[in-house]
Amino acid sequence: MLSNIGIATYFLVKCINQTTAVIGEASTVAEDVLSSIRNTVAFGVQQRLANKFDAKLEIAEMYGIRKGFIVATMVSVIWFVAYTTYSLAFWEGSRLINSGEIGIGALMTTVTSVMIGAFALANVAPGFEAMGGSVGAAYKIFEAINRVPVIDSERDDGEQPNELVGRIEFQNVKFAYPSRPNVPVLDDFNLVIEPGQTVALVGASGSGKSTIIGLLERFYEPIGGTITIDGHNLESLNVKWLRRQLSLVSQEPVLFSCSIYKNIGYGLIGTPYENADEETKSEMIRQACEEANAWEFIKNLTDGLDTEVGERGFLLSGGQKQRIAIARAIVSQPKLLLLDEATSALDTKSEGIVQEALDRALQSRTTIIIAHRLSTIRDADKIVVMSNGKIIETGTHNDLLSRQGAYHLLVQAQNIRATNEKDHLALSDEGSKEQKELYKVDTRATRGSISSLVIKDLERDSYYEPKVITRSTFTLVKSFFTAFTAVIFGAQSAGQMFSYAPSMGKARQAAQSFLQILDIRPEIDSLSTEGQTIENVQGELEFRDVHFRYPTRRNVPVLRGTNFTVKPGQFVALVGPSGCGKSTSISLIEQFYRPLAGQILLDGVDITSLNVSNYRRNIGLVQQEPVLYQGTIRENILMGLGDSDADTIPEEVLFSAARKANIHNFIMSLPDRYETLCGSKGVLLSGGQKQRIAIARALIRDPKVLLLDEATSALDSESEKVVQAALDAAAAGRTTIAVAHRLSTIQNADKICVFDKGRIVEEGTHDQLLQKGGIYSTLVQMQALEGN
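Counting in UniProt numbering, the sequence shown runs from 1 upward without gaps.
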């Protein structure tokens with residue numbers, strides 16, 4: 001029997017490990033969907049992703065059936081041994097009583113002992129199943145705990161210099177990501193950054209710019225060459241100490257689900273100010289907010305700094321999240337500042353103010369800036385132009401322009417004036433273990449109580465029972481043991497049933513929560529078959545006196561009587577400060593929300609009367625922060641086709657969409673090409689690569705209405721020019737609405753609508769708005785765009 005348990009446990013652990021791995025994959029799919037639910041419903045891929053989730057669960061079910069078979073085999077063997085033991089005890093006891101060799105007392109003692117032992121043995125089975133699950137789960141946990149990382153941020157060894165000056169040097173650095181060891185990212189990279197110097201890195205997406213920041217932060221180690229700070233090899237420095245000297249603002253701002261105050265306060269962790277009094281912390285946080293141009297919008301919120309930002313900051317606009325991230329980075333006054341597209345999500349006005357604040361902050365520290373918007377780095381001490389992991393040009397803005405090389409072409413692509421005039425733009429289940437133990441005690445107590453009552457009755461009738469048994473025939477003895485066994489087994493079953501009562505209560509409560517969610521009738525039901533359908537959409541959109549406030553902030557008006565019309569095939573751009581209602585307009589068109597008042601019309605029909613699913617099939621969306629799902633590049637692009645059968649789509653349609661988004665050549669250069677995994681949320685790709693895949697996903701949809709919410713914000717100048725040309729071509733024949741901060745991308749729009757505080761304050765073409773000399777003209781001057 002012990003060998004049976006050992007063999008069963010081995011296969012049980014193996015099966016549980018396989019189940020856990022598959023359930024983990026299913027959980028990743030669910031997390032990706034729930035964290036990007038807007039993107040999911042916009043493309044109508046709920047059923048496709050649900051099928052993908054179900055497929056993972058079916059594999060887990062298969063392993064679960066195997067586990068059940070293993071457990072059933074183990075339990076059956078154990079209970080077979082237990083019942084065989086009972087049979088032997090009854091048979092031998094009856095024989096001995098009939099022969100007069102023992103009395104009833106000795107028999108009862110022996111049989112009771114055997115039964116208790118057999119019960120205990122039989123109850124081992126559930127314990128072994130739980131143990132198998134625990135071993136399987138613990139294996140993964142201890143594997144992670146016992147893993148010795150190449151870069152251990154918790155170790156105390158390593159140099160910790162008393163002072164950091166800030167001189168950084170890269171010497172013949174080579175690097176390739178572990179997931180793609182055959183694709184070199186940096187190749188003999190050499191660069192010197194002097195203390196207090198501001199160095200800008202520019203170049204195409206995937207050229208290695210963000211990789212340099214990753215190496216400085218020691219997220220990875222170079223596979224060749226050395227990186228030094230003040231002459232100290234980066235690998236010899238204490239990791240925790242090193243990261244305290246650095247502050248990073250990433251391209252995609254990451255906020256935690258807590259208040260604005262706590263999010264910014266996290267920037268003080270690990271610094272001398274971590275344990276400062278609340279008054280000092282509050283003052284530092286407020287000052288950082290002012291420098292990052294975040295204080296104005298924060299103080300206008302109902303709860304101010306105590307406002308909750310939601311999961312990943314979804315309750316804030318992209319620009320607001322980015323400004324909070326900047327405040328978090330500068331609150332600790334770091335020695336080294338790393339800005340990876342730190343102002344990419346800011347509008348022109350905010351970018352200009354934040355850039356000035358950062359310019360002041362940069363004067364006393366070494367700074368590395370990664371930028372696609374070249375107006376933000378014109379005043380850098382050194383501009384490094386990268387391509388394929390190497391430096392192809394280096395110098396100041398004017399030096400590089402005079403050479404008329406790669407940088408000159410990038411500047412021309414963004415149409416920035418080549419002057420010395422300063423640019424004002426740019427940084428503008430707990431307790432379950434105890435409960436299980438309690439259940440075991442309850443079961444044992446119930447069994448013990450029943451046994452005690454039976455034995456007490458036997459003692460009370462001690463005179464009568466021996467007389468009856470000795471005078472009775474063997475049949476009476478057999479009947480007695482049958483009844484006795486039935487009472488014991490029945491009592492045990494009843495006791496176990498009552499011991500599960502707390503779990504039944506929890507299960508009922510959990511079921512009620514699920515049923516409440518299932519019973520919710522959404523105001524905008526994307527799965528409903530109700531509503532009118534339009535067969536031949538022309539693409540005319542109209543906002544009529546639209547008013548809107550977000551449900552979470554009903555006292556903050558976002559749109560206040562917005563009116564504008566987009567004719568079929570027209571390209572209309574929405575510009576203005578962060579939080580003025582541009583992205584909200586996109587959300588209303590997608591029917592993520594309904595207007596509080598007013599109407600939005602498609603071809604003269606109120607969109608609230610249309611079937612939501614059919615309506616969204618005519619719309620393509622590219623968001624400011626690209627959303628990719630766990631899976632291959634092919635699967636992510638084909639998501640643009642919704643729940644239709646993507647397997648029937650010709651390869652050339654897929655390739656054509658990728659070419660238009662300027663991503664096909666990059667994909668074909670990868671070892672697995674279109675079968676390359678993107679990772680959860682696209683973590684295995686750069687920001688620009690993710691954005692181009694998102695654009696390809698929208699283009700393969702061939703929508704009648706194309707919505708671009710900062711669609712090219714993550715692209716470098718070269719890629720932006722190519723993709724913008726592709727988008728311009730794609731916009732031909734379809735209605736296009738583009739939200740843009742980088743005004744060079746919308747100069748050729750048929751109409752530009754300037755938003756301010758939820759209203760359209762200016763409207764016209766690029767040239768018409770320049771002649772007015774209003775808000776748009778000011779924004780153009782701040783971005784140094786040529787006004788002609």
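These are computed hints drawn from the structure, not numbers from a lab. Note that the structure is predicted; figures quoted are calculated from it, not measured. A hint or two may mislead.
[To be verified] In the DSSO-like style, the derived pairs of lysine-lysine whose C-alpha atoms are separated by at most 30 Å in a straight line are: (1) Lys174 with Lys52; (2) Lys240 with Lys281; (3) Lys140 with Lys506; (4) Lys506 with Lys567; (5) Lys751 with Lys681; (6) Lys335 with Lys281; (7) Lys140 with Lys14; (8) Lys174 with Lys56; (9) Lys751 with Lys772; (10) Lys262 with Lys240; (11) Lys681 with Lys174; (12) Lys681 with Lys140; (13) Lys382 with Lys262; (14) Lys240 with Lys335; (15) Lys140 with Lys390; (16) Lys56 with Lys721; (17) Lys52 with Lys390; (18) Lys14 with Lys299; (19) Lys567 with Lys757; (20) Lys56 with Lys506.
Results for each hint:
1. Simply put, Lys174 and Lys52 have alpha-carbon atoms about 38 Å apart, too far for the 30 Å limit, and the pair is violated.
2. Restraint check for Lys240 and Lys281: satisfied, since their Cα atoms lie roughly 22 Å apart, inside the 30 Å limit.
3. Restraint check: the Cα-Cα separation between Lys140 and Lys506 comes to about 28 Å, which is no more than 30 Å; the hinted pair holds.
4. The suggested pairing of Lys506 with Lys567 is violated, with an alpha-carbon distance near 57 Å, which exceeds 30 Å.
5. With a C-alpha separation of about 34 Å, the suggested pairing of Lys751 with Lys681 is violated against the 30 Å cut-off.
6. This hinted pair checks out: Lys335 and Lys281 have alpha carbons roughly 19 Å apart, not beyond 30 Å.
7. A C-alpha spacing of about 12 Å is found between Lys140 and Lys14, which places the hinted pair at or below 30 Å, so the restraint holds.
8. Under the criterion of a C-alpha separation no larger than 30 Å, the hint pairing Lys174 with Lys56 is inconsistent with the structure, at around 39 Å.
9. Distance restraint check for Lys751 and Lys772: the Cα-Cα separation of roughly 14 Å lies within the 30 Å cut-off, and the hinted pair is therefore satisfied.
10. Between Lys262 and Lys240 the alpha-carbon distance is near 21 Å, which keeps this suggested pair within the 30 Å criterion.
11. Distance hint between Lys681 and Lys174 is fulfilled; the C-alpha atoms sit about 27 Å from each other, no more than 30 Å.
12. Among the hinted pairs, Lys681 with Lys140 is consistent with the structure: their alpha-carbon atoms are about 23 Å apart, no more than 30 Å.
13. In summary, the hint linking Lys382 to Lys262 is not supported, as the alpha carbons are separated by about 35 Å, beyond the 30 Å threshold.
14. With a C-alpha separation of about 14 Å, the suggested pair Lys240 and Lys335 falls inside the 30 Å cut-off, and the hint holds.
15. Annotation: proposed proximity of Lys140 to Lys390 is violated, straight-line Cα distance about 40 Å (limit 30 Å).
16. Among the hinted pairs, Lys56 with Lys721 is inconsistent with the structure: their alpha-carbon atoms are about 41 Å apart, more than 30 Å.
17. Of the supplied pair hints, the one linking Lys52 and Lys390 is violated, its CA atoms being roughly 41 Å apart against a limit of 30 Å.
18. Taking the CA atoms of Lys14 and Lys299, the gap is about 56 Å. The hint is violated against a cut of 30 Å.
19. Annotation: proposed proximity of Lys567 to Lys757 holds, straight-line Cα distance about 24 Å (limit 30 Å).
20. Among the hinted pairs, Lys56 with Lys506 is consistent with the structure: their alpha-carbon atoms are about 27 Å apart, no more than 30 Å.
Taken one by one, the earlier hints fail for this structure at numbers 1, 4, 5, 8, 13, 15, 16, 17, 18, listed in ascending order.
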